[in-house]
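Chemist: Here's the letter readout for the chains.
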Amino acid sequence: MTKRKNKFSQGGTVWLILLGLIGLGLLVALLLRGKDVALFMPKGLIAREQHSLMIFSVALMLAVAIPTLILFYSFAWRYRESNKRAAYDPHARHGKFFVFGLWLIPSVIVLILASVMWPATHKLEPHKPIVGDAETLTIQVVAMRWKWLFIYPKQSIATVNFIQVPTGTQVQFELTADEAPMSSFWIPHLGGQLYAMTGHTNRLNLMADTEGDYTGSSAEINGAGFAGMKFTARATSTEDFNRWVQGVQRSSNMLDSDAYKRLLTPSKNNPVVYYSAAQTELYDTVLMKYIGSGGGESHNNHTEQE
Amino acid sequence: MKELLIGNLGLKALPHEWFTIGAAVTFIAMGLFVVLAITHLKRWKWLWSEWLTSVDPKKIGIMYFIVAGFMLLRGGLDAIMIWLQQALSSGSSHGYLSADHFQQIFTAHGNIMVFFVAMGFVFGLINYIVPLQIGARDLASPFLNTLGFWLYVAGVLMVNMFFLLGSEYAATGWLGVAPLSGREFSPGVGVDYMIWSLQISGIGTTLGAINFIMTILRMRAPGMSLRKMPLFTWGSLCSMIMAVTVFPLLTATLFLLFFDRYLGTHFFTTTAGGDPMMYTNLIWMWGHPEVYILMLPSFGVFSEVVSTFSRKRIASYTSNVVGMIGVSALALSVWLHHFFTMGAGANVNAFFGLMTMIIAIPTTVLVFTWIATMYKGRIRFSTPMLWFLGFVGLFSVGGMTGVLLAVPPADFQLHNSLFLVAHFHTMVIGGVLFGIFAGISYWFPKIAGFKLNERIGRYAFWCWLIGFLMAFTPLYVLGIMGATRRLDHYDSSTGWQPFFIMALVGGIIIMIGVALQFVQIIASVIQKRRLVDTTGDPWNGRSLEWSVASPAPFYNFAVVPQVSSRDAYWEMKQQGIPKPSYEDIHMPNNTASGIYISAFAFLAGFGFVWDIVWLIIVSILGIIVCVITRTFNEETEYTLTADEVEKIERDRIIVTPAAHRGNDSDTSEDMGLTEFVKVVTKWALDVVKNKRWRTW
Numbered sequence: 001m002t003k004r005k006n007k008f009s010q011g012g013t014v015w016l017i018l019l020g021l022i023g024l025g026l027l028v029a030l031l032l033r034g035k036d037v038a039l040f041m042p043k044g045l046i047a048r049e050q051h052s053l054m055i056f057s058v059a060l061m062l063a064v065a066i067p068t069l070i071l072f073y074s075f076a077w078r079y080r081e082s083n084k085r086a087a088y089d090p091h092a093r094h095g096k097f098f099v100f101g102l103w104l105i106p107s108v109i110v111l112i113l114a115s116v117m118w119p120a121t122h123k124l125e126p127h128k129p130i131v132g133d134a135e136t137l138t139i140q141v142v143a144m145r146w147k148w149l150f151i152y153p154k155q156s157i158a159t160v161n162f163i164q165v166p167t168g169t170q171v172q173f174e175l176t177a178d179e180a181p182m183s184s185f186w187i188p189h190l191g192g193q194l195y196a197m198t199g200h201t202n203r204l205n206l207m208a209d210t211e212g213d214y215t216g217s218s219a220e221i222n223g224a225g226f227a228g229m230k231f232t233a234r235a236t237s238t239e240d241f242n243r244w245v246q247g248v249q250r251s252s253n254m255l256d257s258d259a260y261k262r263l264l265t266p267s268k269n270n271p272v273v274y275y276s277a278a279q280t281e282l283y284d285t286v287l288m289k290y291i292g293s294g295g296g297e298s299h300n301n302h303t304e305q306e
Numbered sequence: 001m002k003e004l005l006i007g008n009l010g011l012k013a014l015p016h017e018w019f020t021i022g023a024a025v026t027f028i029a030m031g032l033f034v035v036l037a038i039t040h041l042k043r044w045k046w047l048w049s050e051w052l053t054s055v056d057p058k059k060i061g062i063m064y065f066i067v068a069g070f071m072l073l074r075g076g077l078d079a080i081m082i083w084l085q086q087a088l089s090s091g092s093s094h095g096y097l098s099a100d101h102f103q104q105i106f107t108a109h110g111n112i113m114v115f116f117v118a119m120g121f122v123f124g125l126i127n128y129i130v131p132l133q134i135g136a137r138d139l140a141s142p143f144l145n146t147l148g149f150w151l152y153v154a155g156v157l158m159v160n161m162f163f164l165l166g167s168e169y170a171a172t173g174w175l176g177v178a179p180l181s182g183r184e185f186s187p188g189v190g191v192d193y194m195i196w197s198l199q200i201s202g203i204g205t206t207l208g209a210i211n212f213i214m215t216i217l218r219m220r221a222p223g224m225s226l227r228k229m230p231l232f233t234w235g236s237l238c239s240m241i242m243a244v245t246v247f248p249l250l251t252a253t254l255f256l257l258f259f260d261r262y263l264g265t266h267f268f269t270t271t272a273g274g275d276p277m278m279y280t281n282l283i284w285m286w287g288h289p290e291v292y293i294l295m296l297p298s299f300g301v302f303s304e305v306v307s308t309f310s311r312k313r314i315a316s317y318t319s320n321v322v323g324m325i326g327v328s329a330l331a332l333s334v335w336l337h338h339f340f341t342m343g344a345g346a347n348v349n350a351f352f353g354l355m356t357m358i359i360a361i362p363t364t365v366l367v368f369t370w371i372a373t374m375y376k377g378r379i380r381f382s383t384p385m386l387w388f389l390g391f392v393g394l395f396s397v398g399g400m401t402g403v404l405l406a407v408p409p410a411d412f413q414l415h416n417s418l419f420l421v422a423h424f425h426t427m428v429i430g431g432v433l434f435g436i437f438a439g440i441s442y443w444f445p446k447i448a449g450f451k452l453n454e455r456i457g458r459y460a461f462w463c464w465l466i467g468f469l470m471a472f473t474p475l476y477v478l479g480i481m482g483a484t485r486r487l488d489h490y491d492s493s494t495g496w497q498p499f500f501i502m503a504l505v506g507g508i509i510i511m512i513g514v515a516l517q518f519v520q521i522i523a524s525v526i527q528k529r530r531l532v533d534t535t536g537d538p539w540n541g542r543s544l545e546w547s548v549a550s551p552a553p554f555y556n557f558a559v560v561p562q563v564s565s566r567d568a569y570w571e572m573k574q575q576g577i578p579k580p581s582y583e584d585i586h587m588p589n590n591t592a593s594g595i596y597i598s599a600f601a602f603l604a605g606f607g608f609v610w611d612i613v614w615l616i617i618v619s620i621l622g623i624i625v626c627v628i629t630r631t632f633n634e635e636t637e638y639t640l641t642a643d644e645v646e647k648i649e650r651d652r653i654i655v656t657p658a659a660h661r662g663n664d665s666d667t668s669e670d671m672g673l674t675e676f677v678k679v680v681t682k683w684a685l686d687v688v689k690n691k692r693w694r695t696w
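Chains L and V, in that order, are what the protein sequence lines are.
The first sequence lines up with residues 1 to 306 when you count with this note's numbering.
The second sequence lines up with residues 1 to 696 when you count with this note's numbering.
Source of the hints: derived by calculation from the structure; they are not laboratory data.
Small disclaimer: the values here were computed from a predicted structure and weren't measured.
For each residue, glycine too, the CB sits at the ideal point set by N, CA and C.
Careful, some of the hints might be misleading.
[Stated by the list, open to error] Stretch-level coverage of chain V by chain L, calculated; a stretch enters the list once three of its residues show a Cβ under 8 Å from a Cβ in chain L:
#1 145-157
#2 167-175
#3 303-317
#4 335-344
#5 355-369
#6 409-415
#7 461-472
Starting from the given sequences, assemble the full structure and let the hints guide the process.
Modeler: Take a look at the structure:
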């Protein structure tokens, strides 16, 4: 009698597990309705390619994992103790090619994945400029505690916690930081992140292809104001972008050294600020502040800072 | 004068915020209760001579379990606090924690879970089981082992010390990344507490690992060649070799960080030629192998469990061993995948991505050997097997997300997101912790002399599994929605809140699972008589630890076994066990040196945190004196005569293990929850009514 009871409860458990997993999937799907799923709704060239690379990798891995898991759990079920019909052979020897297959299957999958990954890594290397028709727009980015300063050197404007970029135009972000721990510049809708560090320039190339407002943030923890270190990246048409630039250029705010010093004071949830007329060499000054003190390329000016 | 006496300590260091006051009061109350209870029961001497100064790896193993179990509660509470904050803190609400406090909590959570929960449990298992599996009576250096344990305890105390003095832990993330952890950005004592806590326990880990490598390589029973070694011992050996390789790196890195903070050097500062990127490299050169140090013993546990509960030998033992060695070797060359986003360039990134993917080959092979082991087996779904079945599902998910993260262009999008957090929790909970739990429920009869309550064990397992899925599925989704980790607040327009709430619910279910595990142990103690293991071999086991009584006698083996094949005990059972002939046994003497040295190490660390120079000098001198004294102690061993051994062995009830017992899966008699509540209530009422506490 106990045996039948056991059998029932074990079989029931299997169904419960399946139902539970389906329920979990449904719950997630329900909660996701109408939500913005950044990585699955790419709005830029790079994000799109990264997205399809992710889908490909996952699909390839699932092609092995799903059969493996089905095999695994069906073996567990088939060779359960209460199933007297299943064979039991404690001395079962595996076939000649068993060990061979054991190592071959994962090796093949890794080989396929690696042969896709290697060229993709080179193609999507963030330093690499995007080839396009339009003239590349350069935006210099300074991570500060806890805000983002953006300098448009060509347009000689600067903004805090807001950027506007024209769609279909290659944008090159030059990332550095000033008096801030390592920060990570990330606009998930447009593409992957890159670190912003003092005394270094990291170049991140992105291109928006759909108009809209996209949230960017610091993905790397950098102190108490970390969660509020967000900005909006607005992608618009080139005309709108030019109009916006002209608007900012008319702003009465100037990014002189006093204004910059004020920016260096740590602040949380900093509001958006526009500056007309930014010094074009400001970014290099910020960079040299650290390099000059003995880091990076030059090691001879050791005492300058001290 | 004041500075000379107490350094930077002052009234300000006393607890003054609600959480430190609360925690300090709780800790002091708990400590007082324990002290009073021991005094009342007059057990101080017993505790000191039987347990605290013991060099018996079995007792040290149990002490590791106890400390790690409490730290699991402590780290689990942190997890719930993190989730609660994130579930609340959306839009206009800012939750109940300040950003700084929130960051301290997740830092402490990470440090505690990795160093003091996972490492503690892993060392506990290795201590108890490895000597028994290789047929050894004790360790190569019993003293080094107790020293390692007590340094670990000193680390545990140090990581909690900030509640009492300082009110501040590091807010830097569990690795203390520079330059955030430097003086410039973290001027307080929080990072110092972290440095010294990890430093002291890390040195303990190195010492413990050296000892276990020596033990496994030099003290195996005659006939047990490396190729006949049980797989858990193999996993432990790989893990310990990795620990010896990389923990000195952690020690060095932390020392450099300490020099930066304390002496004003510029290793990792942003100015004067310091290079924070070097810190990131160094810490991950240790940090990535560390994950595998935790993982490999669990692989070993699962290999033992699947083979025992399928009643079959492991399929392709060689592939399994090669797989584990492969994982450990490759794990040393993948660290850069933790920061593809630092911008090293395509070639470097692609290389480390490739190395990471290659690790998937040996791990997949391990899974395949487990599947092949179940093939034509006779599988019992006892709790260790349940943990294993849960593990394989989660481990596959974790492995796939791991390989996905190893594709650099994908990592640029997923790095630092909650997807990453979900990935490594899948590995550390689904892999490491499930392995530890499987190991504990598998070897519990060997440790305690009775089996664990299977019914409540199953409840606990299901709570963990369901809770895990509820808690971490939303984190995967949140990562894909673009949510970064470590956020103490987010906009309501993101639509993330329902997922954070779901994660909180999952976290609470996991905590119920933890509570059930403690209930399970208590219920098993109540039902001890029914669950008792008289044979020493409750699961029809295969390796040597099952050939001795449960719990194992303090000398492990009355007669050192002769090994002629893999699954040594299984073979012996088939061929009949020879009649024992006893001989004299040399056993190590207990020693308190480990406790003294660790106490001085703790005080030295405390001195460095608060800059109390005299304390530092006195403590370091103390350590040196203790070590020298220990070296001149020549009475480190005593002899147990053959007659004594025979007497102990005869007094034990020896029941020849039956080759096959049919009623293992019948657990209908194990106590359920209702019965447990009834029994406990009845007992409590009895105590109150008859005023029993007076007679205790």
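Chemist: All hints are to be evaluated individually against the structure, with a verdict given for each.
Modeler: Here's how the hints hold up against the structure:
1. Proximity of the region 145-157 of chain V to chain L, defined as three or more residues with a beta carbon under 8 Å from a beta carbon of that chain, is not established by the 0 residues found.
2. Closer than 8 Å: that is the beta-carbon criterion, and the region 167-175 of chain V has 3 residues meeting it against chain L, so the requirement of 3 holds.
3. Chain L is given as covering the region 303-317 of chain V, and this holds because 6 residues of the stretch bring a CB closer than 8 Å to a CB of that chain, at least three being needed.
4. Chain L is given as covering the region 335-344 of chain V, and this holds because 4 residues of the stretch bring a CB closer than 8 Å to a CB of that chain, at least three being needed.
5. Counting residues of the region 355-369 of chain V whose C-beta sits closer than 8 Å to any C-beta of chain L gives 9, which meets the bar of three, so the coverage hint holds.
6. Evaluation of the coverage hint for the region 409-415 of chain V: fulfilled, as 7 residues show C-beta separations to chain L shorter than 8 Å, against a requirement of three.
7. Evaluation of the coverage hint for the region 461-472 of chain V: fulfilled, as 3 residues show C-beta separations to chain L shorter than 8 Å, against a requirement of three.
In summary, the structure is inconsistent with hint 1 from the numbered list given earlier, while agreeing with all the others.
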